[in-house]
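Peer 1: Listed below, chain by chain, are the residues.
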Amino acid sequence: MTVVAVQQVSKVYGHRFNLVNALNNISFEIEEGEFVGIMGPSGAGKTTLLNMIATIDRPTHGQVMIKNQVVTKMREAKLANFRRHDLGFIFQDFNLLDSLTVRENILLPLALDKMSVALIEKRLAQVTQVLGIGGLLDRYPDEISIGQRQRVACGRAMITNPTLLLADEPTGSLDSKSATELLRYLTEINHQEKTTILLVTHDAFTASYCRRILFIKDGQLFSEIVRSGDRQQFFNQIIDMQATIGGGGRYNAVTTPR
Amino acid sequence: MLLRLLVRSTINRARDYAAYLMACIMAIVVYFCFTAIKTDPVLSKLKSAGERLIFGGTIQIASIIIILFAAFFLAYANLFFMKKRRQEIGMLSVIGVTRLQISVVFFAESLVIGTIALLIGLFFGIFLSKLFGMLLLRMMGISVAIPFLISWGAIKQTTITFGLLFLLTGLLNSSLIFRYQLVDLLHPTEFSRKIRRPNWLTTIWGIIGIVLIISGYYLAERILVLMPELERRYGYGIDAGYLGAILWFEVIGTLAFFQAYTQIWLRIERHWKRLYYRGTHLLSVTNLSYRFKKNAKTLWMITILSAVTITALGSAAMIYTFSQKTLRENIPADIIYSKYQKKGVEQILRAHQVTPKKITETTYKIVDAQFELATPLLSDSMTRAGATGVLPLSRYNALMARQFKLPATPLRPNEAIAMIDLPLTMIKMPHHKRLAHANQQGIPLQIKQPELPQLRIIHLRRLFPNGVSVNFYGSLNMVAVPDQYYDQIKPATIDHVYALDLTPKQRRDKKLMKSFFKLSQDTKKRSYLTAVRNENGFKRYRVTTKEERSGFVRADLLLRKPNQDRSNANFGFYMYIALFIALTFMLATGSIIMLKQLSEAQEEILQYKTLKRIGMTYSEIKRTIYFQILIIFLLPIILGTLHAIFAIRLLSLFLDNPGLQLVYIVCGIFIMIYFVFYLVTAEIYNRIVNIPLNDDALY
Numbered sequence: 001m002t003v004v005a006v007q008q009v010s011k012v013y014g015h016r017f018n019l020v021n022a023l024n025n026i027s028f029e030i031e032e033g034e035f036v037g038i039m040g041p042s043g044a045g046k047t048t049l050l051n052m053i054a055t056i057d058r059p060t061h062g063q064v065m066i067k068n069q070v071v072t073k074m075r076e077a078k079l080a081n082f083r084r085h086d087l088g089f090i091f092q093d094f095n096l097l098d099s100l101t102v103r104e105n106i107l108l109p110l111a112l113d114k115m116s117v118a119l120i121e122k123r124l125a126q127v128t129q130v131l132g133i134g135g136l137l138d139r140y141p142d143e144i145s146i147g148q149r150q151r152v153a154c155g156r157a158m159i160t161n162p163t164l165l166l167a168d169e170p171t172g173s174l175d176s177k178s179a180t181e182l183l184r185y186l187t188e189i190n191h192q193e194k195t196t197i198l199l200v201t202h203d204a205f206t207a208s209y210c211r212r213i214l215f216i217k218d219g220q221l222f223s224e225i226v227r228s229g230d231r232q233q234f235f236n237q238i239i240d241m242q243a244t245i246g247g248g249g250r251y252n253a254v255t256t257p258r
Numbered sequence: 259m260l261l262r263l264l265v266r267s268t269i270n271r272a273r274d275y276a277a278y279l280m281a282c283i284m285a286i287v288v289y290f291c292f293t294a295i296k297t298d299p300v301l302s303k304l305k306s307a308g309e310r311l312i313f314g315g316t317i318q319i320a321s322i323i324i325i326l327f328a329a330f331f332l333a334y335a336n337l338f339f340m341k342k343r344r345q346e347i348g349m350l351s352v353i354g355v356t357r358l359q360i361s362v363v364f365f366a367e368s369l370v371i372g373t374i375a376l377l378i379g380l381f382f383g384i385f386l387s388k389l390f391g392m393l394l395l396r397m398m399g400i401s402v403a404i405p406f407l408i409s410w411g412a413i414k415q416t417t418i419t420f421g422l423l424f425l426l427t428g429l430l431n432s433s434l435i436f437r438y439q440l441v442d443l444l445h446p447t448e449f450s451r452k453i454r455r456p457n458w459l460t461t462i463w464g465i466i467g468i469v470l471i472i473s474g475y476y477l478a479e480r481i482l483v484l485m486p487e488l489e490r491r492y493g494y495g496i497d498a499g500y501l502g503a504i505l506w507f508e509v510i511g512t513l514a515f516f517q518a519y520t521q522i523w524l525r526i527e528r529h530w531k532r533l534y535y536r537g538t539h540l541l542s543v544t545n546l547s548y549r550f551k552k553n554a555k556t557l558w559m560i561t562i563l564s565a566v567t568i569t570a571l572g573s574a575a576m577i578y579t580f581s582q583k584t585l586r587e588n589i590p591a592d593i594i595y596s597k598y599q600k601k602g603v604e605q606i607l608r609a610h611q612v613t614p615k616k617i618t619e620t621t622y623k624i625v626d627a628q629f630e631l632a633t634p635l636l637s638d639s640m641t642r643a644g645a646t647g648v649l650p651l652s653r654y655n656a657l658m659a660r661q662f663k664l665p666a667t668p669l670r671p672n673e674a675i676a677m678i679d680l681p682l683t684m685i686k687m688p689h690h691k692r693l694a695h696a697n698q699q700g701i702p703l704q705i706k707q708p709e710l711p712q713l714r715i716i717h718l719r720r721l722f723p724n725g726v727s728v729n730f731y732g733s734l735n736m737v738a739v740p741d742q743y744y745d746q747i748k749p750a751t752i753d754h755v756y757a758l759d760l761t762p763k764q765r766r767d768k769k770l771m772k773s774f775f776k777l778s779q780d781t782k783k784r785s786y787l788t789a790v791r792n793e794n795g796f797k798r799y800r801v802t803t804k805e806e807r808s809g810f811v812r813a814d815l816l817l818r819k820p821n822q823d824r825s826n827a828n829f830g831f832y833m834y835i836a837l838f839i840a841l842t843f844m845l846a847t848g849s850i851i852m853l854k855q856l857s858e859a860q861e862e863i864l865q866y867k868t869l870k871r872i873g874m875t876y877s878e879i880k881r882t883i884y885f886q887i888l889i890i891f892l893l894p895i896i897l898g899t900l901h902a903i904f905a906i907r908l909l910s911l912f913l914d915n916p917g918l919q920l921v922y923i924v925c926g927i928f929i930m931i932y933f934v935f936y937l938v939t940a941e942i943y944n945r946i947v948n949i950p951l952n953d954d955a956l957y
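Going line by line, the protein sequences match chains A and B.
Letter by letter, the first sequence follows residues 1 to 258 in our numbering.
Letter by letter, the second sequence follows residues 259 to 957 in our numbering.
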């Protein structure tokens, strides 16, 4: 089943004399249970694309469908509800609420949904067990390490059992050890809970945990690679593709004259 | 170049400048209007009922309060403004402008803003002061036309005062610039938002706070029972201590309430999961927890200030009610006069060819009598013995009906009514054992005349027919007895008192009133009550116009109208001062909470953005913001009002419970104005924080 369908999406920013084509007629689909990465150099339009899918921004042309609903045409109130139920977010700087404990941060989306206390605690237990943060529940975000913080953010994103988990540079603020750990957890979630994950990154190591990667350059889909073998091999593929996008790779489309 | 840069940044920050300028102008206008009243030539020469009104002391104190407040308010607004501009200072430092240059520029800027504010403030002040002057006269019930005068004295005084204030703030700002660290300027220091679990100290402090507040209220309510007991044990010096204790209990208790009790309360709320994990409640509770922690002292100050304001307004209103009531009780007719003034009054009436609406003559028999009162204030009963004016029941009922619109009181042959000029709270206490006893059987009344039987007083009244003044200000005991009994009394002395009612048209006759006034002003128009020993041991009494040193004295002619005018003028004046101070306090406290909340709003934008991303709707965020700000505004007001209500009740005990309706109306208006502040703050806050997600701008 198709979870996300991006159909001919374009986005134009700026004033009349200074137009920026952030996205240019992009189309792709994501199936249920996939772990997809979006890669590309800075300014390629990765985050813009993610924002379109996250219903935070609206495209200038085209439409985005999530679970067969056209989210780009929804009303704001309905969208908020949709975000709460069907989407989970992980941000680069976690965006945890400092005044809430870890427990409260994680269960916040369910509390907003006015679920029963028993149900909330059941979900909380499940999520914390998967993410291994059971011992931190009564601490505040500034009392735990950044790796743990990102796991808490991850917990908050997945407690509603979202159709789609969106991650914007989730490892951007983490050291390599915490990053590896987080990615292992994300893989775990993808396997165990069958959650569809869409991850935006420019880091090849992070991307190598995905199953499929879409490369974007200058607002257009550049290419797509699918993982078939082990992670190391996939990592090399990604590096090559990055080099190609950067203009210095083995499969260069255009050779620069000497 | 630097100048151009500054002009640019001024334009960019137009909103902040406008807010600061508004605050300055507000302070100037309030101060100017007050000073203009003080120096107004019309008001200072104002005469009411032939007497000059003397405002001196009150207006001085009020003007000190207002200037202190204006200064405080200005300093606060300035600090707030500076805090918002820290990044600007940092930016200027980074591009290489020296501290000295920056501070000179800021100093000059604060002088420029001061000059602009002063000009605009004076402009509005001149117009508003005329309006306030008219309001004052209207409140005083005086009809004098105030010419439109520009009060140069007030302008000079305002300019000097605020010139100094702006100079001071300028210096303060310059010194602040030298003290800032560059790193702090560019990256504002963060305040940890996490809420510590209240430790045992907080818990104890919070409990102490509640205990102090409640025991302060208890002390205030039971003052009539507790204070006399303490007085008996420790002497009268304890009174000041008692009242001081109430004050300090409330002041310290309120501080503890905001610092600790709110934290405990919100912590308990957090444990109550059914409620806590429900919608936005979780957010409201934690945010409130943080806000209370951060703003505890401000909220405390605002509570105390609003308690003071409400008490001032309320007591002004209460004193008005009280003075109206006293006046009505003292002089229940247009003119009250004794037999010695009968001739004089008749002469005036004849001279002006006036037939009054009604003249009522009352005859008192003055005899020696004795009765005892049980009062809760004194451990023993109080003996009221000596000269007693007796009047027949039929006359008493007629007078009460005419003068106070009271229904007739029936009496059995051996019963009587006594009138006493003491606060009811001193005679009667609800549920007092002794009183219940007295009610059933009555107090024995002995009229010292051999063949007369004893009477029982079954009613104690505070209202004297013809008012208390003409009855020697209550020194003469008064009783009303059944008519047959009255006839049996052999009068020792007979006193005549006349009550004269005028028609409204006659009341407005200035010449007539002037002649009456002249007559009443004559200090020789007094009579005295003296005791003479009788041959058979009983005392006899005499009323003479001859001056006596030992004995009671009264004025023989009492006019209602000039007294009423003066009381109205006085009240109007005090109410005006109270309103002015209240207005100043309200503007200051209201804007302080508002500014504080709005400055925090900037820090919370990211939080609400995150909440929106995880699926909170616009209206949910709006609701939680309105709720949080409501609590922040409401708690100080509720607590302040409670404090004020107890303070006013305490005062009212000493003023013998005048009606409190006016007090409630005044307090209600105060709370309404605060509510407007709340709505404005919540709306602006919501606008700052609740921005659409895809809006790229930070503000």
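Honestly, the hints are just simulated from the structure, not real lab data.
Heads up, a few of these hints could be off.
As the list claims (entries may be wrong) - A partial selection of chain A residues facing chain B, derived with a Cβ cut-off under 8 Å:
hint	residue
1	Ile56
2	Val70
3	Met74
4	Glu76
5	Ser99
6	Arg156
7	Arg211
8	Gly246
9	Gly247
We put the beta carbon where it would ideally sit given N, CA and C, even for glycine.
Peer 1: Now tell me, hint by hint, if it's right for this structure.
Peer 2: A quick look at each hint next to the structure:
With a cut of 8 Å, the hint placing A:Ile56 at the interface with chain B holds, because the nearest CB-to-CB distance is about 5 Å. Because the smallest distance between the Cβ of A:Val70 and any Cβ of chain B comes to about 17 Å, over 8 Å, the interface hint for this residue is violated. Contact between A:Met74 and chain B, as hinted, is not supported at the beta carbon level, the nearest pair being about 12 Å apart and thus beyond 8 Å. Of the supplied interface hints, the one on A:Glu76 holds, with its beta-carbon coming within about 6 Å of a beta-carbon of chain B, less than 8 Å.
Given the 8 Å rule on beta carbons, the hint for A:Ser99 holds: about 4 Å separates it from the nearest Cβ of chain B. At its closest, the beta carbon of A:Arg156 sits 7 Å from a beta carbon of chain B; the interface hint therefore holds under the 8 Å criterion. With its C-beta approaching chain B no nearer than about 25 Å, A:Arg211 sits outside the 8 Å limit, and its interface hint is violated. About 28 Å separates the beta-carbon of A:Gly246 from the nearest beta-carbon of chain B, more than 8 Å, and the hint is not met.
Restraint check, A:Gly247 versus chain B: the minimum CB separation of about 30 Å is more than 8 Å; hint violated.
Violated hints, listed in ascending order, are 2, 3, 7, 8 and 9; each of the other numbered hints is respected by the structure.
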